[in-house]
Amino acid sequence: MQHDASDAALHIEDLYKSYGPKLVLENVDLSTMEGTFCSVVGPSGCGKSTLFRLVLGEETPSKGLIYIQGEPVTGPGTDRGIVYQRYSLFPHLTVLDNVALGRNLRTPLAERWRDRKAIRDEAMAFLERVRLAEHAGKHPHELSGGMQQRVAIAQALVTKPKLLMMDEPFGALDPETREAMQLFILELWEEQRMTVFFVTHDMEEAVFLGTRVLVLSQHYTDDRGDDPSVKRGSRIIADYELPSAASSTKAKTSPEFLDLTQEIRRIGFSPEHLRHVADFNLRHPDSFQTLTALEKRP
Amino acid sequence: MRARILALVPFAIAIGAYLVASHLRLADNPQDKVLPSLAQMAGAVQRMAFQPDPQSGDYVLWKDTWASLWRIALGVGSAAVLALLAGLNMGLRPVLKELFGSFLTFLSMVPPLAVLPILFITLGVDEVAKVALIFLGVFPVVARDMLLTVEKIPREQITKAITLGASRWAIVYRIVMPQVLPRLIDNIRLALGAAWLFLIAAEAIAATEGLGYRIFLVRRYLAMDVILPYVFWIVALGFSFDWGLRRLVAWRYGWYLVAAK
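Residue numbers (the working numbering), protein chains in the order written: chain A, 1 to 298; chain V, 1001 to 1261.
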C-alpha cells in the first residue's frame, strides 16, 4: 500500500459492491489529496452513482472501506456536502432559509435565536458569492434550474464540508446554462480550493472541470481471461492529472483537450478496446492500484 | 365573467322550480307543510335564531351550531393531528409501518356507522361517542394519505438533511412535516364532508342539541320550514370552511400549489 489513508481527503481501497449476483464495482482503489477537483467519468451503467452513494454512506460496500480524512464512512454525515441533479433544495424553505439550514440545524435552539442575525448574514454572504442575493426571499420553484443549482452549491458549502460531492449536478440544465455553471464552479473552486468529488457521464465536462480525471469503466481485461463466465465489475481504468482549472470554455477546443476526450472515449466507453489491468494509464501521482493474484498472475 | 353567470344558472333553475312548486301547493292548501314559502322559512329562521326559546330561553340555532361545530372540531382536529403523527412516523420509520400498517388498513375498512352502536354502548351517549365516531370516520383515511405523502418525499432529501446536520427529530419535524402540512389541510377539506355525515348520524340517534339533532327532532312535525334553512346553514358552514382552508393553503403554502401541478 503506497498511501496512508489518514492524510487523504478521500481514500477508497479494495472496494467491492454487488447487488445479488451482479457485481457492480470491483476492487476500486482511489485516493485524493485535499484541494483536488476530482471528476469521475464513465459510461452509463458503470456504477458511478453506486460509487457516489457508497462514498455518501447511503449504501454499504460488499467489501472494502472508505475513509474521509482518515475516518471510516459509516453513514451520511456532516463531513460531506452534496449537490444532486435534483432534490437538493427544500421546496418549503425560502432561498435564504435553504442556505442557512446547515447552520440552523447545528445550532441549539436558544443560540439559534440569539445568533439569528449572524446566521442570516452568513447565509446572505454565501448567496452574494453565488450572485443570488436579490432572490433571498423567493422559494426554489421561482428560480431557474441554473439558479437552483447555485443555491444548492451555496447550501452545501455553508457548513464547510471536507468533501463536496456532486452527482451530475448540471445534467438537467440546457447547454448554455450548463457552460455558465461549469465556469461558475471553477471560479468558486479557484477561490476556495475545496475538495470536490464530481460524478458525470459527460467526458468533456469531466476533463474541463477536473484537476484530476478518473475513468470508471467495466471495459477492461485481466489474467482471468476473456471467458464469458468471468464476471467483472467496474473499476478505475485511467487516472489523469490535468493542469489546474481553465478560465474559459475556449479550452474545450484545444488539441490537448480533444486528444484526451478521444482517448477516454476509446478506452472507457467502448467494449472493443479492452486494456489489461496491468497496462492502465494511472499517471496521476496519487494513483494506486492493488491487484489480486487472479487479476494479475505474479 | 361568463363562467360565473353560467355557474349561477343551475341555482336559479332549482330555486325557481321550488318557488313555483311551493306556490302551487300552497295555493291548493294553505296548511301544506311540505314545500314552505320563503316567508314561512324566514319566519322559522327568525324564531330559531333571533328569539329565545320560550321554555329554555336559548337561541336554538346558535346553540345547535355551537354544539355541532365543537364536536366536528374535536373529532376532525384530533384525527388530523394523530393522522399527521402516524403518517410521519410510519413513513420514516419502517419498523413502525411494519407494526401498524396492516392494522391501519384494517381500521380504514371498518364502516364507522356500523360500529356506532358499539361506541354508544362503550362510551355512553354523551359527547365522547359522537366525537369518536367522527374520529373513526376521518382518521384512517387521512393517516393513510399522509403515509403515502411522506413516503413520496425523495430519499435524497433525507440524506441531504443529514449532511447538513439534521438529527432524527429534525428530519421528522423540520424537514418532512412542513412539507406535508399543506397536504394535510387538503385532506381535512376533503374529510369535512364525511365528518358532517357522521356528526348528523350520531346526533340523530342520541343528542339533546346540535344541527343534526334539531333536523331529526322537527321532522316529527313535518317542519320543513325549519329543516330547509338548517340544511342551507350546514351547507354554508361547510362551504366557508372549505373556502377558508383553501385560502390558507394559497396564502401560506404557495410553493405547494406550484409543486402539485
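These are calculated hints, taken from the structure and not from any lab test. Given the structure is predicted, the values throughout are model-derived calculations rather than measurements. Take these hints with a grain of salt, some might be off.
Not the full set, but computed from the structure, chain V residues with beta-carbon under 8 Å of chain A [as the list claims (entries may be wrong)]:
id : residue
1  : A1017
2  : L1019
3  : V1020
4  : L1164
Short derived list, chain A residues pointing at chain V, Cβ under 8 Å [unchecked claim]:
id : residue
5  : E59
6  : Y67
7  : Q69
8  : T74
9  : P76
10 : G81
11 : I82
12 : L105
13 : G137
14 : H139
15 : L143
16 : K162
17 : M181
18 : F280
Quick reminder that beta carbons are idealized off the backbone N, C-alpha and C, glycines included.
Here is how each hint holds up against the structure:
1. Below 8 Å, beta-carbon pairs count as interface contacts, and A1017 of chain V has none with chain A, the closest being about 47 Å; its hint is therefore violated.
2. Residue-level restraint check for L1019 of chain V is violated (minimum Cβ-Cβ distance to chain A is 49 Å; threshold 8 Å).
3. Of the supplied interface hints, the one on V1020 of chain V is violated, with its beta-carbon coming no nearer than about 52 Å to a beta-carbon of chain A, more than 8 Å.
4. Interface restraint check: L1164 of chain V against chain A, minimum CB-CB distance 4 Å, threshold 8 Å, status holds.
5. With its C-beta approaching chain V no nearer than about 11 Å, E59 of chain A sits outside the 8 Å limit, and its interface hint is violated.
6. At its closest, the beta carbon of Y67 of chain A sits 17 Å from a beta carbon of chain V; the interface hint therefore is violated under the 8 Å criterion.
7. With a cut of 8 Å, the hint placing Q69 of chain A at the interface with chain V is violated, because the nearest CB-to-CB distance is about 15 Å.
8. Hint status for T74 of chain A: violated, given a least beta-carbon distance of 12 Å to chain V, over 8 Å.
9. At its closest, the beta carbon of P76 of chain A sits 4 Å from a beta carbon of chain V; the interface hint therefore holds under the 8 Å criterion.
10. Given hint, G81 of chain A at the interface with chain V, holds; its Cβ is 6 Å from that chain's nearest Cβ, closer than 8 Å.
11. Proximity of I82 of chain A to chain V holds as hinted, the smallest CB-CB distance being about 5 Å (cut-off 8 Å).
12. With a cut of 8 Å, the hint placing L105 of chain A at the interface with chain V holds, because the nearest CB-to-CB distance is about 4 Å.
13. Given the 8 Å rule on beta carbons, the hint for G137 of chain A is violated: about 12 Å separates it from the nearest Cβ of chain V.
14. The beta carbon of H139 of chain A comes within 4 Å of a beta carbon in chain V, closer than 8 Å, and the hint placing it at the interface holds.
15. Annotation: interface hint on L143 of chain A violated; nearest CB of chain V at approximately 12 Å, more than 8 Å.
16. Interface restraint check: K162 of chain A against chain V, minimum CB-CB distance 11 Å, threshold 8 Å, status violated.
17. At its closest, the beta carbon of M181 of chain A sits 19 Å from a beta carbon of chain V; the interface hint therefore is violated under the 8 Å criterion.
18. Taking 8 Å as the C-beta cut-off, the interface hint given for F280 of chain A is violated, the closest approach to chain V being about 32 Å.
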